[in-house]
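Chain residues, written in single-letter form:
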Amino acid sequence: MSNEITAKDVNEQDKALLKDIDNALENCSKCGGCMAVCPMYKELGVEGAVARGKLSLMQGVLNGTFPISANFDKAMGLCVSCKACSANCPCDVPADELIIRGRQAVVKARGLSPIKKNVFKLLQNRHMFDFALRMAGLFGPLSFKKLPRPMAAVARFPMPGMDAKRVTAPFSATPLRSQYPETIKVDKPKMRVAFFTGCTINYAYTDVGQSVINVLKANNVEVVMPSMQHCCGTPVFTSGDVDTGKTFAKHNIETFERYDVDYIIAACGSCTEAFKIEYPHMFKDDPAMKARAEKLSKKTYEISEFLVDVLKFRTDNLGPINATVTMHDPCHMVRGIKVTRQPREVLKAIPGLKFVEMQAPDRCCGSGGSFSLAHYDISRKINDRKVADIAGTKADLVATSCGTCRMHITDGLVQNNLNAEVMHVIQLLDKSYQAGKK
Amino acid sequence: MQSQIIDALTKIVGQEYILTSPEDLYSYSYDATPGFQNLPEAVVRPANTEEVSKILALANTNKIPVYTRGSGTNLSAGTCPMQGGIVMVMTRLDKIIELDSANLVAVCEPGVIVGDLNTAAAKFGLICPPDPGTVKTATLGGTVSENAGGLRGLKYGVTKHYVMGMEVVLASGEVMNCGGKNVKDVSGYDMTKLFTGSEGTLGVITKLILKLVPAPEAKKSMMAVFKNLDDAGNSVSGIIAANIIPATLEIMDNATIKVAEEYSKVGLPLDAEAVLLIEVDGNPIVVEQEAEKVLNVLKANNAFSVQIAKTAAEVDKLWACRRAALPALNKLRTTTYCEDATVPRSMVPKFLRAVQDIAKRNNVQIGTFGHAGDGNMHPTIVCDIRDKVEMARVETAMDEMFKAAVDLGGTLSGEHGIGLGKLQWMEYQHGPVTINAMKAIKRALDPNLILNPGKLVGEC
Ligand SMILES: Cc1cc2nc3c(=O)[nH]c(=O)nc-3n(C[C@H](O)[C@H](O)[C@H](O)COP(=O)(O)OP(=O)(O)OC[C@H]3O[C@@H](n4cnc5c(N)ncnc54)[C@H](O)[C@@H]3O)c2cc1C
Ligand code: SF4
Ligand code: SF4
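The listed protein sequences derive, respectively, from chains A and B. Residue numbering for the first sequence follows the working numbering, beginning at 15 and increasing consecutively. Residue numbering for the second sequence follows the working numbering, beginning at 676 and increasing consecutively.
The set of hints was computed from the structure by calculation and includes no laboratory data. Don't take every hint at face value.
What the hints assert, rightly or not - Non-contacting residues of chain B with respect to chain A, defined by C-beta distances greater than 12 Å in every case (computed):
| hint | residue |
| --- | --- |
| 1 | Leu733 |
| 2 | Glu849 |
| 3 | Lys886 |
| 4 | Lys902 |
| 5 | Val962 |
| 6 | Arg1068 |
Stated by the list, open to error - Some chain A residues flagged as far from chain B (calculated, every beta-carbon gap over 10 Å):
| hint | residue |
| --- | --- |
| 7 | Lys44 |
| 8 | Arg355 |
| 9 | Asp410 |
Said to hold, decoys possible - Each computed DMTMM-like pair below joins lysine to aspartate or glutamate, with the alpha-carbon atoms no more than 20 Å apart:
| hint | chain 1 | residue 1 | chain 2 | residue 2 |
| --- | --- | --- | --- | --- |
| 10 | B | Lys985 | B | Glu892 |
| 11 | A | Lys395 | B | Asp769 |
| 12 | A | Lys309 | A | Asp276 |
| 13 | A | Lys264 | A | Asp274 |
| 14 | A | Lys44 | B | Asp1059 |
| 15 | B | Lys1063 | A | Asp36 |
| 16 | B | Lys830 | B | Glu892 |
| 17 | B | Lys933 | A | Asp106 |
| 18 | B | Lys1006 | A | Glu111 |
| 19 | A | Lys231 | A | Asp323 |
| 20 | B | Lys940 | A | Asp106 |
| 21 | B | Lys1006 | A | Asp36 |
| 22 | B | Lys1025 | B | Glu1075 |
| 23 | B | Lys992 | B | Glu936 |
On a predicted model such as this, the values are computed, not experimentally measured, just so you know. Idealized CB from N, CA, C, for every residue including glycine.
Let's have the full structure, built from the sequences with the hints guiding it.
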């Protein structure tokens, strides 16, 4: 029969989906260097888990050994996008990005998984998205039991797709951006910045957002939180749904362009990275959009980077915080936007604070954005190593700069019966300014 | 593979530790060697000696090839399952069983990563010196089976100098022990040495007794740039003649200097014919004296410039340029053949010239760097394996290169092993009598030829 689709046809079609990265894949020398740093390989110990294995699976599709199969999909999913492979690759192979390309091919060949499909559909509509997450906030107290530690909750009854014992961030009843006017004025502002809040800070960790605002106010900076801003798009993009990712990017670029600000700041590595690196990259084939993205990219800073390198934040009125603090470097801070010195400078400026470096502070905590939703068992194992490193420092507080890391490490500490608390760097600085007022 | 065999293997290692999907098999069809790939029929990840023994007994009875694999970083296709069969991954045997500081001995399972043993030994002020470029990824089993070398070969020797004993599972599944913790041991044939460097063709190592040595207290690194290759060669001989054995004595040729400079921007003159990187280590006072003597030798041999690293940052900078050599070459093209032909120390300049001529004559890009102190060179060919016409030229160049090394009294491989990559020149180097003796050993220990068949000594 002429209209029957053969296995060969499927292979040919799948090959076409990866053809453009053929050369990039060929650049991997198979040296195996990524085995030393890949958290996924450390836990699973199989070649399919490490960058080398995943790149070679894509080559397997390209040379027609197998189609974009369910197993291929699964292998591409086994990656927390921590960039450790790329950062250490002697051949400069951007393996983490190529793996995302692999996922994109999966989406094209097989479609998104049904759960992700629904979530992303919701994400696409800003109002619906806002509404749904607000609802989660309002009804959150019903389904999440608050733990006797700030900003932590366990699901009270089984939630689909969520491990019953897992500790997450509670959704806030009022999102951050609804707690404030769009522009937060100060007397004779030194400068004016736009705050890209990102979803975790707007809907869950509003305490971080409040601290960002307090700290900027304390430094005489006027803050605008553009009300039309939307999810950065990274979760969608890394899951392989490029088109939706681009829609988000375009929306955010258009939104932020409308404001006359000196700088754009974000308080999370991935959100900063989206504006700073990913948007210009996403539009590499669209010169006009790329130029617009680049213009914003130049103005974008992560909050600690902004405080230290641009603003030179006030240190004369800081009050003491008597605590031992260690720092976890989120993947997208250390290997994405390459910011590790500045958060430490912020912490070390605080009087009374004793800073202790943990072992391998830059090793992934295992959350990997939405990875931990689909693979909680693996991400728990990766995280247990992080928690052991934290325990080694005897710190009372773990500072970090990313909401998902904060959530996942808090969960790890609870599961391992440790008392340390996890906070954003900026919250500690905020506390120190408060202490200075007393 | 018959389903009874798969079932039997599953029973031995458990469902979780056998892989049979096409995608999983594909993941074990290659190693770090370009150009060799073939699908196995099953991948097993045993947990202990007993499971290894059962797997081998099963394979032996059914005459199924077994390819033992550590981390798969070897450069001689040593783990490629060219005849299908079973790939047996040893990484779950990853325990350091004992660190015996009284006897300076470590007892380890073969899946322990070389760097992890060193981290553990460092707590006692000890090191296990073999340091292939892959210390952070390579297993001890793979490193012993390749008899790997590294940067410190000149002073500290290679892996075989640190293997004191082992537990080996023979092809039949029987478990054999040889050697032990004795510094002196002449009881019987030296079976430990026989299995060291045997590339998984004679048996499967399941336990290793390794020698440790005290970590050097001090180190000093320096770099010398030469406008003339012979001056660099004479410096190497001069340093040895001055009774100094540096831990490291590395050379890079002009082709490598150019790409390494482009990549790491440390300020190397592009017209330099050679760069030497030297590190002396040991007692702090002796290190100072030796550094001084090395400096004099370098000056006497017309070094264009000499740099001594004073701070840790400067040490890093010097070594960054050596570390850049392979990655920088790597990045020029998609395919990289990092070879390891080795010649007697005094022949290094002659060999480097020969390689440069061969590259020019065949229109092939080759950068050479390597361990000048022990004559172990890494002529590195960069090309595109997908270009058939170019690959024909590459093959000719390789043929000429290996023969040039052997003709200078050298050897095909100083540390990466023969595997499949260099098999075709074995007879050229050893002659038929030696090859037949090697094959006789292979047939005696593995009569059904199931262990890494076709490698090292070829078909038997
Ligand atoms: C970038 C790069 C740099 C390198 N630098 C060096 C260097 O400086 N010096 C050097 O010598 N080598 C070097 N190598 C080669 C390689 O890393 C070493 O040979 C390494 O020690 C191999 O270890 P592995 O665990 O990856 O072994 P594998 O590649 O898994 O196996 C190597 C061989 O050992 C056999 N084998 C593995 N485990 C066992 C066991 N338990 N029992 C019996 N047989 C076994 C396999 O069958 C195979 O033949 C380099 C490789 C790369 C990619
Ligand atoms: S991705 Fe990079 S580090 Fe990993 S095997 Fe390939 S070349 Fe080596
Ligand atoms: S991004 Fe991280 S998890 Fe993914 S392959 Fe690279 S090292 Fe492994």
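Checked hints:
1. Leu733: 22 Å, holds
2. Glu849: Fine: 28 Å to the nearest Cβ keeps Glu849(B) off the interface.
3. Lys886: Correct as stated: the minimum Cβ-Cβ distance to chain A is 25 Å, above 12 Å.
4. Lys902: Label holds. Min Cβ-Cβ 29 Å, cutoff 12 Å.
5. Val962: Per Cβ check, Val962(B) is outside 12 Å of chain A; nearest 30 Å; holds.
6. Arg1068: 19 Å, holds
7. Lys44: 5 Å, violated
8. Arg355: 16 Å, holds
9. Asp410: 28 Å, holds
10. Lys985(B) with Glu892(B): This hinted pair holds, its Cα atoms lying about 16 Å apart.
11. Lys395(A) with Asp769(B): 18 Å, holds
12. Lys309(A) with Asp276(A): Judged against 20 Å, a Cα distance of about 12 Å means the pair holds.
13. Lys264(A) with Asp274(A): At roughly 18 Å apart (the allowed maximum being 20 Å), Asp274(A) and Lys264(A) satisfy the hint.
14. Lys44(A) with Asp1059(B): 15 Å, holds
15. Lys1063(B) with Asp36(A): Measuring from Cα to Cα gives roughly 17 Å; hence the hint holds.
16. Lys830(B) with Glu892(B): Judged against 20 Å, a Cα distance of about 15 Å means the pair holds.
17. Lys933(B) with Asp106(A): 19 Å, holds
18. Lys1006(B) with Glu111(A): 18 Å, holds
19. Lys231(A) with Asp323(A): 18 Å, holds
20. Lys940(B) with Asp106(A): 16 Å, holds
21. Lys1006(B) with Asp36(A): Given that 20 Å is the threshold and the Cα spacing comes to 15 Å, the pair holds.
22. Lys1025(B) with Glu1075(B): 14 Å, holds
23. Lys992(B) with Glu936(B): 12 Å, holds
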